[in-house]
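Residue numbers (the working numbering), protein chains in the order written: chain G, 1 to 300; chain C, 1 to 296.
Bear in mind the hints are in silico, worked out from the structure with no lab data behind them.
All the pointers check out, no bait thrown in.
When the alpha-carbon atoms are kept at most 27 Å apart in a straight line, the in silico DSS-like pairs for lysine-lysine are as follows:
| no. | chain 1 | residue 1 | chain 2 | residue 2 |
| --- | --- | --- | --- | --- |
| 1 | C | LYS181 | G | LYS18 |
| 2 | G | LYS73 | G | LYS85 |
| 3 | G | LYS262 | C | LYS70 |
| 4 | G | LYS175 | G | LYS272 |
| 5 | C | LYS170 | C | LYS181 |
| 6 | G | LYS20 | C | LYS181 |
| 7 | C | LYS181 | G | LYS186 |
| 8 | G | LYS18 | C | LYS18 |
| 9 | C | LYS22 | G | LYS22 |
| 10 | G | LYS262 | C | LYS73 |
| 11 | C | LYS181 | C | LYS269 |
| 12 | C | LYS223 | C | LYS269 |
| 13 | G | LYS175 | C | LYS170 |
| 14 | C | LYS2 | C | LYS97 |
| 15 | C | LYS97 | C | LYS18 |
| 16 | G | LYS42 | G | LYS206 |
| 17 | C | LYS18 | G | LYS2 |
| 18 | C | LYS90 | C | LYS45 |
| 19 | G | LYS85 | G | LYS281 |
| 20 | G | LYS262 | G | LYS237 |
| 21 | G | LYS42 | G | LYS22 |
| 22 | G | LYS140 | G | LYS262 |
| 23 | G | LYS22 | C | LYS181 |
| 24 | C | LYS181 | C | LYS2 |
| 25 | G | LYS186 | C | LYS22 |
| 26 | G | LYS85 | G | LYS2 |
| 27 | C | LYS170 | G | LYS73 |
| 28 | G | LYS20 | C | LYS2 |
| 29 | C | LYS2 | G | LYS18 |
| 30 | G | LYS20 | C | LYS18 |
| 31 | G | LYS20 | C | LYS22 |
| 32 | G | LYS239 | G | LYS140 |
| 33 | G | LYS140 | C | LYS170 |
| 34 | G | LYS140 | G | LYS175 |
| 35 | G | LYS175 | C | LYS73 |
| 36 | G | LYS18 | C | LYS45 |
| 37 | C | LYS70 | G | LYS272 |
| 38 | G | LYS22 | C | LYS18 |
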Amino acid sequence: MKIIESIEEMQEYSQQLKRKGKTITAVETSGYLHDGHMSLVKIAQDIENTNIVVSTWASSPLNIYMEWPENYKEILIEQESLYIKNSLMEDLELCQAHDVDVFFHPSMLDYYQSPIQTITVSHDINRHLLDNSDTFILGKSLINTNISYIKEWNTICPDIVIVGQKDIHQSVLLKKTVTDLNFPIKVIIAPTLRDSDGLAFSSRNKFLSDSERQDATSVYQTLHEVSRWFTYPSIEKIKEHIIDRITNATGNIIYIDICCAKTLEELDVIDKETVIVVSTKFGEVDVWDNIIIDPERIKR
Amino acid sequence: MKIIESIEEMREYSQQLKCQGKTIAAVQTVGYLHDGHMSLVNIAKENADVVVMNPIAMTDLLSFSTEWPKDYKKYLIESEAQYQQQSLEKDLQICKKYKVDLFFHPSMLDLYPYPVQTITISHKILNNLNTAATAYISWVLDVDIKQWNSILPDIIVVGQKDIHQSLLQKTMATVFQFPIKVIIAPTIRDADGMALSSRNRFLTPSERQDATSVYQTLHEISKWSTYPPVTEIKEYITNRISQANGRVFYIDICICSSETLEELDVIDKETVIVILARFGEVDIWDNIIIKPQGTK
Numbered sequence: 001m002k003i004i005e006s007i008e009e010m011q012e013y014s015q016q017l018k019r020k021g022k023t024i025t026a027v028e029t030s031g032y033l034h035d036g037h038m039s040l041v042k043i044a045q046d047i048e049n050t051n052i053v054v055s056t057w058a059s060s061p062l063n064i065y066m067e068w069p070e071n072y073k074e075i076l077i078e079q080e081s082l083y084i085k086n087s088l089m090e091d092l093e094l095c096q097a098h099d100v101d102v103f104f105h106p107s108m109l110d111y112y113q114s115p116i117q118t119i120t121v122s123h124d125i126n127r128h129l130l131d132n133s134d135t136f137i138l139g140k141s142l143i144n145t146n147i148s149y150i151k152e153w154n155t156i157c158p159d160i161v162i163v164g165q166k167d168i169h170q171s172v173l174l175k176k177t178v179t180d181l182n183f184p185i186k187v188i189i190a191p192t193l194r195d196s197d198g199l200a201f202s203s204r205n206k207f208l209s210d211s212e213r214q215d216a217t218s219v220y221q222t223l224h225e226v227s228r229w230f231t232y233p234s235i236e237k238i239k240e241h242i243i244d245r246i247t248n249a250t251g252n253i254i255y256i257d258i259c260c261a262k263t264l265e266e267l268d269v270i271d272k273e274t275v276i277v278v279s280t281k282f283g284e285v286d287v288w289d290n291i292i293i294d295p296e297r298i299k300r
Numbered sequence: 001m002k003i004i005e006s007i008e009e010m011r012e013y014s015q016q017l018k019c020q021g022k023t024i025a026a027v028q029t030v031g032y033l034h035d036g037h038m039s040l041v042n043i044a045k046e047n048a049d050v051v052v053m054n055p056i057a058m059t060d061l062l063s064f065s066t067e068w069p070k071d072y073k074k075y076l077i078e079s080e081a082q083y084q085q086q087s088l089e090k091d092l093q094i095c096k097k098y099k100v101d102l103f104f105h106p107s108m109l110d111l112y113p114y115p116v117q118t119i120t121i122s123h124k125i126l127n128n129l130n131t132a133a134t135a136y137i138s139w140v141l142d143v144d145i146k147q148w149n150s151i152l153p154d155i156i157v158v159g160q161k162d163i164h165q166s167l168l169q170k171t172m173a174t175v176f177q178f179p180i181k182v183i184i185a186p187t188i189r190d191a192d193g194m195a196l197s198s199r200n201r202f203l204t205p206s207e208r209q210d211a212t213s214v215y216q217t218l219h220e221i222s223k224w225s226t227y228p229p230v231t232e233i234k235e236y237i238t239n240r241i242s243q244a245n246g247r248v249f250y251i252d253i254c255i256c257s258s259e260t261l262e263e264l265d266v267i268d269k270e271t272v273i274v275i276l277a278r279f280g281e282v283d284i285w286d287n288i289i290i291k292p293q294g295t296k
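Please model the entire structure based on the sequences and the hints provided.
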């Protein structure tokens, strides 16, 4: 496995691969890799004649800010050293074990050089998140992450990008960015990998206590159950049901978003493929998950 | 000169060129080419193996609007028909004459299967431009990325004439880390100092005489050894141009940096002065970059 730390070297190496007629498949992550990420790598392994690149800075710790704070350099340096201390070696081993070809790990400061905010991207389909105070930060961080991904596309030059359904908002926005701006990239959205108790894989799960973990399984249980309903009441009623169930299991709801799975448009009733996204906290740990509901299933 | 009309074909051809180790420079215009554009072609030729000319002629109604109308397809088809009728042949000839290697001219409907307004410019920075101008520049930036992703250029050459646009194109390449070098080419002028523009031909001889006041004023200011506050400079420009029968629409005096186009109160760093003025029925715009003494 090749480790590349410079942006220019990555660009150059990708061009070399292309000249040899190879394709490039990118799995873009924020580091702290686990089996969920490796399930994306496994999908890449099934693609013929491709080189797999795993990257580590697809989202930055700055993405939650409206404007980059004055001390953004310190934040980046701190996050980077935390990552190197806590996860880099494990991530390298995991990638090596899964036959990843390139581990792309530039320095954070090279990657996020200056707080340029003259130009950004906007998507109509993200507007309902920005318009709602519960989801505003999510909407804003989606945009920033979107820009980080574009940066990576221009560095890794992938032919295929594999993203997870786990981050469904992000995945839909990325797909839209690709078609809007003619990026020569195919986006594959991979299903969420779950433990045997249904909990979606996340690097944060390890911070849950045993009882919190037990409680947190209510998120998927509720989503799964809702996906099996034969008729759907109004969106408000569905939200109420989810809130009740998760609150009973001592979870705190951050937000629930019920929208079209293809376009993220807000819905009044479930009459097309719909995604229910739930963001919660158990103890101090964020647990989020989503499920896609196909109302056509009922007719079949 | 090769002519390519399909986005996929363009991409494949570029990839082939890259395999042969050749570099590509793109000159993106809105068509209706003149010698000013060809100065960009010459710079492109000096800097790359293959020069691609890429005219995207779009009707004002779409490129200046903040929201696309429902019947946008009609306008796309109209823009294209108008361009083919009025300028395509001439553009092809002038490109051949200047030895452009490739003329990339995708159909408007291929380029816009649906309306796209993805790239957004912070209004805080462009608050001195009107909404339509901001919409126009956003449109240019959207088209740019579509084109960059089709042509895959190593270099793009843009004109200082459209300085706001050029600086933002440069910023965009940086923000999104495109592996592209953006060259801002100096404005080409006639002997009387007038910047070349496809609109100049609509000026009467006396209007043209008057319009030279724009560059004369800019040039004069660039030679000053000290600068008064920006408000006084603006007053001075407005007076000079009004005396020459011009109507000043706006004057923008801002930091000349690809990262910010902030307006200034005093000139203490590299600055660009942009003027939009009308003579008779014709819009004339021009700009000059000034470096006050003692700055880098």
